[in-house]
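Letter by letter, the chains look like this.
Number of protein chains: 2
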Amino acid sequence: MDKFKVTFLPDNKIVEVAKDTTILSAALSSGVCIKSDCGGDGVCGRCKVIVKKGRVLSQPSGLISAEDRKHNVHLACITTIHSDLEIEIPLESRLELTLGTEGIYSVSENVESGKKILSEISFKYCPLSTKLYLELPLPSLNDTASDLDRIFRGIRKTQNLPFVQTGLSNIRQLGELLRDSDWKVTVTLGKINDTLEIILVEPGDTSNRNFGICFDIGTTTISCQLVSLSSKKVLGTKAAYNKQAGFGSDVITRIIYSRQEEGMEKLHSAVTETMNQMIKELTVEHRVDLNDITCVVCAGNTTMIHLLLRVDPTYIKREPYVSTANFLPVLRAHEAGIIINPRGLLFCVPGVSSYVGGDTTSGVLSSGLYKEEGLSLLIDIGTNGEICLGSKDFLAACAASAGPAFEGSGVACGMRASTGAIQKVKIDAKSFSVTCSTIGDARPCGICGSGYIDLIASMLETGVIDRSGRIKLENHMRVRDSEAGKEFVLIFKEDSATSKDIVINEADIENLKRAKAAIYSAVSVLIKRMNFEFNDVKKIFIAGGFGTSLDVDNAIKIGLLPDVKREKIVFIGNSALSGARQMLLSIEASKKTDEIARKITYFELSADPGYMDEYMSALFFPHTDLNRFSSAK
Amino acid sequence: MDKFKVTFLPDNKIVEVAKDTTILSAALSSGVCIKSDCGGDGVCGRCKVIVKKGRVLSQPSGLISAEDRKHNVHLACITTIHSDLEIEIPLESRLELTLGTEGIYSVSENVESGKKILSEISFKYCPLSTKLYLELPLPSLNDTASDLDRIFRGIRKTQNLPFVQTGLSNIRQLGELLRDSDWKVTVTLGKINDTLEIILVEPGDTSNRNFGICFDIGTTTISCQLVSLSSKKVLGTKAAYNKQAGFGSDVITRIIYSRQEEGMEKLHSAVTETMNQMIKELTVEHRVDLNDITCVVCAGNTTMIHLLLRVDPTYIKREPYVSTANFLPVLRAHEAGIIINPRGLLFCVPGVSSYVGGDTTSGVLSSGLYKEEGLSLLIDIGTNGEICLGSKDFLAACAASAGPAFEGSGVACGMRASTGAIQKVKIDAKSFSVTCSTIGDARPCGICGSGYIDLIASMLETGVIDRSGRIKLENHMRVRDSEAGKEFVLIFKEDSATSKDIVINEADIENLKRAKAAIYSAVSVLIKRMNFEFNDVKKIFIAGGFGTSLDVDNAIKIGLLPDVKREKIVFIGNSALSGARQMLLSIEASKKTDEIARKITYFELSADPGYMDEYMSALFFPHTDLNRFSSAK
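Going down the list, the sequences are from chains S and H.
In this text, residue positions in the first sequence follow numbering that gives the first Met the number 0: the first is 0, and each later residue adds one.
In this text, residue positions in the second sequence follow numbering that gives the first Met the number 0: the first is 0, and each later residue adds one.
The hints are simulated quantities; they were obtained by calculation from the structure and are not laboratory data.
Treat the hints loosely; a few may be bogus.
Since the list can't tell identical chains apart, any single copy or any two copies may satisfy a pair.
Said to hold, decoys possible - DSBU-like mimics (lysine-lysine), calculated; alpha carbons at most 30 angstroms apart, straight line:
| hint | residue 1 | residue 2 |
| --- | --- | --- |
| 1 | K190 | K156 |
| 2 | K590 | K190 |
| 3 | K598 | K190 |
| 4 | K156 | K590 |
All chains should be modelled from the sequences, with the hints used to inform the complete structure.
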């Protein structure tokens, strides 16, 4: 079989592949990540690449303009390789994976800002893995307890669980280790059900070197924090796009992809590579030894957790939408391919159903919704949006497939809430000039979720768009035709960091409108079906990976959030990550997630006869029924 | 480096090794097993081989006679290879590993005969691993429990432990398996502490195909039984020499060997190869699928268990004689290299100390010693002999290093109690003609433990030997000089199955005398130190791998057992194996072993000032002090 060498620019990564391989799959196998929302079906048009040298064959596509063709632009997923190639991946097609350390959207900031609200929800400090320093009495003819019993005896002095056990690999090293360390050792203990598991035995006193990592594994974005389990401090936070995004933008396309040959392996590698890269960078930055990370907590939607664990997600997608497992046993992190201490534990936050996962449970935990006196609502805005309604008396949840637009994916100039992202936008009503602020005050690279919300609200207010999302402004330098309908230029290339215009087009607006409609209609149906009205809701927690600067008024103006009194709305940032962090630091919190997950009743929107109508009426800004948004009128 | 080809006859096994390799290590690496009691130190003289072709270099040794030299006989352990070779391994140097299926010493026979005594000690039937057939309700939009929860729900209907869990490998196959089997599956459950572990999930109803294996792993002999966990029936029994015997005849030489390069790996492979061969033969004979064996229980002395699990046994041998672990967690059998179902469990019977292991605990369980009203004694006669004194009120145990003579190893014509072994001997007082009976009434191949006891008692009675064990009979065709002192011929080669004379020599008698002295003096010291006398003992349980034909009178005559009323003595066969079998069939029994092991006080003989004197006085038949053996006078 003919083999060809493909060079990807600007990274200069080279890979050798067989004739007829698509450029997309060559890129993935070389480690280069290209955006692909449709999972390689040739329909999203996100994977545009420029063929600089060599011969390719492309299927015809309406997504490639005449201009594109002139510049040798092709869709990577439907273009096959027929000679050695040199391929350039333009900035807008690249899946951003570099993790800046400065100016990065910091979840801990939200945590800080949210602290006032969440301060009462504190669990007893007792991390999922603890270190205990032991100075053991030396054995003698009068005290011939075995090495293992001697350790158990030491542990029993302070710990009080019915069973203590450990694995063979620890036992095997015990004899020499205890004697070499003069019977002074540190044991790392994990609590699994009511058994105390000795995870590790180390020579000397290492009890102040015990770290944990918590993850929120989103369909589009993965966030994580490195936590000192001894000092309770958050050492650092990272967020990155999930490398799986190269195989489809939502959980459904991922599940379909997992059925392909080696699909599961590729999806699993993609997510663990993303996670391991984040862990590695955090440990390097904070000078933490990977071996001192003894515990990982992962919150994620059900599909993400299945793929992380290489559990077949097929049945999530087939009626009656049953997952293989919502409650996972405590595992070793290495079983999932997460690189920390080889014996370190992995806790997955328990989920509720196929479409309401551990991220929701985690959010309910960290928001405190489960113990609210009054009726409250948690809206977690993500690619797979989740809504939970309830109080201390009941909990009901549903899911809304919003797509990744609010995470800056699947929209022309979208980006994650990181340095250079436009997070606030104001359009002048007369001149239509645009005022922006970016994260880190950097030169703008793109637009993040909160920026899009401001932008659409502003475009509505100034009449740049009408309530259906069509661009109505005419004969203005900022408005022009494009492949994706009309587009409005926010930043001209002279001022952008990418040397390209930063724009929003009608297709983007349509995407954002569908996303907000999916969220709003899910909230609306859930409240109705539970026999409440919007006004009954006393508190609304908004969670998600926006910047810190979400403008609640604008979110209401575009119809993403219901029109309620502003003081009812509390922005809590990445609540899934906060919950996972609370679990890391408290077994009590971890037990509570079990309770919460069992308590939540899942409500299947697709089975509700009124949902489609509700969704259709929400496909206007803010809504077909303006009476629902009287303050926005 | 020069490589030479060595051919071992009569097996015709060929191995290629480097120049200067010893014949012993070449034999081991070819899979041919040669006896070696000293572990290759050139001092036991058991590894004689005949060099038929080729050039070797031997260290000089007094153990090789002029006659031997004439016939090219060399000690395999101190002879190195210097050309291609052809080596014959004479019958007496071969470690017998072939497991006959008929006439084999059957532990179950003893169990039968012992049943009258043991009938009261029955534990509630509840095997360590059980199979449960489930017909699960199909999922629907109204019942969307996850696959795993659905199984848990099914199990919860009949099982009542606080926690149910399973491993990732089971979860991974669940989705497809449940649907392919139409939601009718069999789960194999193991109880670990108070957690119910799903070991396996299989399609359909396999609940009547659940088997367990119990092992008694002795230093010299390994015995095992295949048990149907659903019908409680013993399907078959096997016994074989432990292949580790090639690396030394007792636990101390094995521990020393384990410190050599790859010593641990070799010892571990030797024991698991022996075990796996036994399992394989049992499963073939009884048409049991290896995958249907879901549980293994191993009783063994502490060193054997360490070596089985590849846990360094070094510290067992160093003062203060502390083992690494007496209580082992429940493991997977594959972690120890035992080949059954890959997820099958391994329970090791808990031990007491470095020299009183799980085999003793198991014997105390099956004998019922731990609940005797009156003072009782358990004497387990093995290479590492163990003695336990006690009742329902207390338990005290010690160990006696007896050596393998009573197991037919380390003596010229010794053999295991299997087909062809002389098990009963009578010498005519006048003619000194010998009447023997063999196991299976086969032509005699050698002498087993009970045969040696009869033989020595008979030789004493007839004056063939004196009380010190010297052969006194002169000018008789059955008596002649040998390399190992005088020897007495039991069976002339014309009548033997090996075409060689079957003899006992003065070195053998010395070995047997030391073995019985070690056992007797240990019993004597233990009773004295606990402030009792022999007469206080109401019942003596004798355990060990003799034939079924142990003659108690003769055992007393030679001074192996104390001179007590015969009706006090109960022969219970392989009590370690019986105990392990009871554990297989009952969690209650398994919990009881924990209790017993914790209750037994270990008594270190080597630390007792009177032990050496006691041992020296026992180096006569029956004893220096004849008053102790008035019935034998």
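Going through the hints against the structure:
{"no.": "1", "hint": "K190 to K156", "result": "both (16 angstroms within a copy, 27 angstroms between copies)"}
{"no.": "2", "hint": "K590 to K190", "result": "both (11 angstroms within a copy, 22 angstroms between copies)"}
{"no.": "3", "hint": "K598 to K190", "result": "both (23 angstroms within a copy, 28 angstroms between copies)"}
{"no.": "4", "hint": "K156 to K590", "result": "both (24 angstroms within a copy, 24 angstroms between copies)"}
In summary, this structure violates none of the numbered hints.
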